[in-house]
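Student: Sequences are here, hints too, so could you generate the full structure?
Number of protein chains: 2
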Amino acid sequence: MRYEIVELLKEAAPGFVSGQELGRRFEISRAAIWKHIEELRQEGYSIEAVPRKGYRLISSEDRLNSYEIANNLSTFIVGRKVEYFDTLDSTNNFAKKLAGEGCPDGTAIVAGQQIAGRGRMGRSWDSPANKGIYITVVLRPPMAPEETQILTLAAAVATAKGISAATGIGTGIKWPNDLVIEGRKVCGILVEMSSEADRVNHIVLGIGINYSQADDEFPDELKHRAISLRMASQNIKEGSTKEMSKLSVIRSVLRELDSCYQMVLNGKHKEILDMWKKNSVTIGREVRFTMGDVEYTGIATGITTDGRLSVDCTDGKRRDLLSGEVSVRGIYGYV
Amino acid sequence: MRYEIVELLKEAAPGFVSGQELGRRFEISRAAIWKHIEELRQEGYSIEAVPRKGYRLISSEDRLNSYEIANNLSTFIVGRKVEYFDTLDSTNNFAKKLAGEGCPDGTAIVAGQQIAGRGRMGRSWDSPANKGIYITVVLRPPMAPEETQILTLAAAVATAKGISAATGIGTGIKWPNDLVIEGRKVCGILVEMSSEADRVNHIVLGIGINYSQADDEFPDELKHRAISLRMASQNIKEGSTKEMSKLSVIRSVLRELDSCYQMVLNGKHKEILDMWKKNSVTIGREVRFTMGDVEYTGIATGITTDGRLSVDCTDGKRRDLLSGEVSVRGIYGYV
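Chains A and B supply the protein sequences, listed in that same order.
Our numbering puts the first residue of the first sequence at -6, with every later residue one more than the last.
Our numbering puts the first residue of the second sequence at -6, with every later residue one more than the last.
It is possible that some hints are incorrect.
To be verified - Pairwise CB distance ranges (calculated):
no.	chain 1	residue 1	chain 2	residue 2	range
1	B	V287	A	G161	47 to 53 Å
2	A	G309	B	G161	56 to 62 Å
3	A	D267	B	V287	28 to 34 Å
4	B	P7	A	P97	25 to 31 Å
5	B	G285	A	S117	37 to 43 Å
6	A	S59	B	R192	28 to 34 Å
7	A	F69	B	V287	47 to 53 Å
8	B	S157	A	D191	40 to 46 Å
Unchecked claim - Using 20 Å as the maximum straight-line C-alpha spacing, the simulated DMTMM-like pairs for lysine to aspartate or glutamate come out as follows:
no.	chain 1	residue 1	chain 2	residue 2
9	B	K90	A	E189
10	B	K90	A	E94
11	A	K90	B	E94
12	B	K178	B	E61
To be verified - Far from chain A, by Cβ distances over 10 Å, these chain B residues were calculated:
no.	residue
13	A24
14	N64
15	R113
16	A137
17	S187
18	D209
19	S238
20	T298
21	R311
In short, the hints are calculated from the structure, not lab data.
All of these numbers come straight from a predicted model, not from anything done at the bench.
Cβ coordinates follow ideal geometry from the N, Cα and C atoms, glycine included.
Tutor: Following this line, the structure appears as structure tokens:
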């Protein structure tokens, strides 16, 4: 009910809603209303109380909590259950714990800050408070482990679409699932799977988006290799971007993840691959990768139906990559 | 030091060791010795105290605890760290928790009973108190996820060797990693993996061995399909089996797991596959399996270098199976 009060205050803002009206609406005493208002204030909502006028919501600023993220999200699977935390060690770690305890398909974990954010291959992921967006979604697809590569690509497509819908900012996909702007990384996705030979127990899909860092707020080793949505929006001429809000990016990404997840479950892999290719900043470019201690260079020519990157190598052979580190010319300082 | 006292008492049994001698040996007071003896008794060791004679270990019966399992195991990786519990929900679940917290490669979890023991595909595994052996080992092989099938086969080989070394009882391997005696299941192995695209985070390898159940102690649905080592030893003529002890089976299995794990890490996959084939009760037999909703029948002809079961099907085609349910004629009631 606490959040129904928030909804009423939002509708009325910048006007007031009287305590009497709130009490009548929810059939509780004015003292009980006061208690709810106090709780909402503790959660960070700025609510003004004026004698004989009532209450009003002062700040229209984003308030991140489970309610604001999940309310009216209208998704089918992803985000039906949302848990928000100001601080977590790692959203993927927490999601794995919940998954082990049996949380439902599509459960989303969102954090304002990660103390020990992780990237691929055991690397750390810089996750300063209030600068980034850190989301992990638990998926339980009825698929065999070897069929799940499509979900890695679908996650990149969905996040790119979500960012674009919420901010107007376009991103390119570096294989398999980094998002880049102007050759710099704006988003990384870490997919981890728990599986038996025959089936997936669960997948945790962690998404880290650089949201509001300034150029000089990135660690030294990421200088000129990382960019935030805020930086990108300032580089784009006015009018072409929407007013940004972290909450709207989170909600938009969850909606697109839901939509892409359902496409995968319904066998629409070709549509996912087509969207991936459309946003790719990898296909048609020179790439460099290592396979069995040998370094190869070639031109990325396409993506196979099972999600591998096809590369025509300089030695005349075509190689299809399932994973591994791939450098793309023009991205992250490979010139 | 508590367990050093146990070692001294074991050496002296059935004789006594005086409190004075124990005190001198460990340079502590006789009151302190008494305290250690009391703690050992609480752990289940039967120790008699007789005035002017000292202490002696009465029962030579297996005492299962971390010390007895790990002491002088002389392994390199598996079992360097052992945690024993009288009861766990599931040794695999507990092992996954430890793995997530960073426990070392080779950590072994052993339980006397599982409240919610699990088999493959989300099935339950009947795990009554003191009737079975429940071991899970955490492995952290530096391998790509798609290369790990060999570990599943190595686990079956190692467990068969461990049981044979400790009891003299031979078992056959039903693909991929069930152990069978007289067409009945004596051991199931559940391999679960946590992975990224490029690397394995950890593997938990759960081994459930039916140790001392009588025929009528298995649940109805397992009647005539399950067998215990105790039942098997009674069916074999005297003299051909060693005296069985649960502790020796556990230690023997851990030793063989260590040995087979190192073979895998050293690239000796062919040796593992050869041992697997030698113990196989699948190759050369009629098998039945389902692939994409179609049921096939054929003769299992061998195992591929990457651990797939090759089947010459009745439709004239050869199919290589990575996983899935395979019924083998002559086993578990398939006649």
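Student: Are the hints correct? Go through all of them and say.
Tutor: Checked hints:
1. V287/B with G161/A: 47 to 53 Å: holds (49 Å)
2. G309/A with G161/B: 56 to 62 Å: For G161/B against G309/A, whose Cβ atoms are near 58 Å apart, the range 56 to 62 Å holds.
3. D267/A with V287/B: 28 to 34 Å: holds (30 Å)
4. P7/B with P97/A: 25 to 31 Å: With Cβ atoms ~59 Å apart, the hint is violated.
5. G285/B with S117/A: 37 to 43 Å: holds (42 Å)
6. S59/A with R192/B: 28 to 34 Å: holds (33 Å)
7. F69/A with V287/B: 47 to 53 Å: violated (31 Å)
8. S157/B with D191/A: 40 to 46 Å: For D191/A against S157/B, whose Cβ atoms are near 28 Å apart, the range 40 to 46 Å is violated.
9. K90/B with E189/A: Holds - the C-alpha atoms of E189/A and K90/B are around 17 Å apart, at most 20 Å.
10. K90/B with E94/A: holds (11 Å)
11. K90/A with E94/B: With a Cα-Cα distance of about 11 Å, the restraint between K90/A and E94/B holds, given a limit of 20 Å.
12. K178/B with E61/B: violated (28 Å)
13. A24: At about 45 Å from chain A, A24/B clears the 10 Å cut-off, so the statement holds.
14. N64: Label holds. Min Cβ-Cβ 32 Å, cutoff 10 Å.
15. R113: violated (6 Å)
16. A137: violated (8 Å)
17. S187: violated (5 Å)
18. D209: Given a closest Cβ separation of 31 Å, the condition holds.
19. S238: holds (31 Å)
20. T298: holds (16 Å)
21. R311: holds (19 Å)
Checked against the numbered hints given earlier, the structure breaks hints 4, 7, 8, 12, 15, 16, 17 and satisfies all the rest.
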